[in-house]
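Engineer: Going line by line, the protein sequences match chains U and D. Its first residue numbered 2, the first sequence is counted upward by one per residue in this note's numbering. Its first residue numbered 2, the second sequence is counted upward by one per residue in this note's numbering.
A hint or two may mislead.
All copies of an identical chain are treated as equivalent in the list; a pair is satisfied when it fits inside any one copy or across any two copies.
What the hints assert, rightly or not - Here are the simulated SDA-like pairs of lysine to any residue, each with C-alpha atoms no more than 20 Å apart in a straight line:
#1 Lys50 - Leu40
#2 Lys104 - Ala93
#3 Lys104 - Ser54
#4 Lys44 - Ala34
#5 Lys104 - Tyr94
#6 Lys44 - Ser11
#7 Lys70 - Ala100
#8 Lys104 - Ala33
#9 Lys70 - Ala93
#10 Lys50 - Asp14
#11 Lys104 - Val30
#12 Lys59 - Leu101
#13 Lys44 - Gln92
#14 Lys44 - Leu13
#15 Lys104 - Met18
#16 Lys44 - Leu101
#17 Lys44 - Asp8
#18 Lys44 - Pro7
#19 Lys50 - Asp8
#20 Lys50 - Leu13
#21 Lys104 - Ala89
#22 Lys50 - Arg10
#23 Lys70 - Lys104
#24 Lys104 - Ser78
#25 Lys104 - Ala90
For the record, the hints were derived by calculation from the structure and aren't laboratory data.
There are 2 protein chains.
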Amino acid sequence: MTRPNPDPRSILDLDRMVHEPARLAILTVLAAAEEVAFLFLQKVTGLSKGNLSSHTQKLEAAGFLETVKAFQGRIPSTTFRITEEGRAALQAYHRQLRALLPKEGKP
Amino acid sequence: MTRPNPDPRSILDLDRMVHEPARLAILTVLAAAEEVAFLFLQKVTGLSKGNLSSHTQKLEAAGFLETVKAFQGRIPSTTFRITEEGRAALQAYHRQLRALLPKEGKP
DNA sequence: TAAAACTAGTTTGTATTGCAAACCTGTTTT
DNA sequence: AAAACAGGTTTGCAATACAAACTAGTTTTA
Chain U
2 MTRPNPDPRS ILDLDRMVHE PARLAILTVL AAAEEVAFLF LQKVTGLSKG
52 NLSSHTQKLE AAGFLETVKA FQGRIPSTTF RITEEGRAAL QAYHRQLRAL
102 LPKEGKP
Chain D
2 MTRPNPDPRS ILDLDRMVHE PARLAILTVL AAAEEVAFLF LQKVTGLSKG
52 NLSSHTQKLE AAGFLETVKA FQGRIPSTTF RITEEGRAAL QAYHRQLRAL
102 LPKEGKP
């Protein structure tokens, strides 16, 4: 065996701020783009407005994204950017997941 | 690009019965062994007894494991076995995770 | 042999959370 | 001017994870 089985305890260490599917979806989108508008984010994730609003607030409180409020003409527009800390957290989370996935093509 | 970026909506489809870290840890241990005793499971996962008890009950209600209550001499002993359905759910979950992980060694 | 301490788990209580309905503020349409 | 709409936020609620407290029985101690 080249890789030891994952320590089950390490599974409990998964970063819950990232692990929550709604927030993982948000971070995944943000990580792929420079800046993302609220409504676009809502469309691609499928989250309700309320749900999206509260999760982005949590991610902001965690320092994983920043919110930019502006006006496009006279209509308000909220956009988000992932922070370096957020990107690092997402990458760390990906590493944690890889560590716990069995090798592909296992019987 | 050989693989498209994960659809953020699919992240929301992650099976929450498996996604919860405590239960993922439990299933991961059960998948690696024929049969696992309550106390052993508690030790390797690091979960409290109460927490382990309630999560195994949920997994049983979901049909992902079965509970066997027996006596070793005169002391009671509860052991668990993953079901075929549970194993399938865990494998499906692994596939979902792989689908959303970026290719390794990405810049 | 009675009491105290331990074992193996379950139930109860609580604080947190994810979620959408209802709401709010302003803009555009009728 | 009123009604409808847009872009979000706040509120209320049901579900959840978690450990403290409890239960039922066993072993040890006095």
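Engineer: Which of the numbered hints are not met once you compare them with the structure shown?
Structural biologist: As far as the earlier hints go, 3, 7, 9, 12, 13, 15, 23, 24 are violated by this structure, in ascending order.
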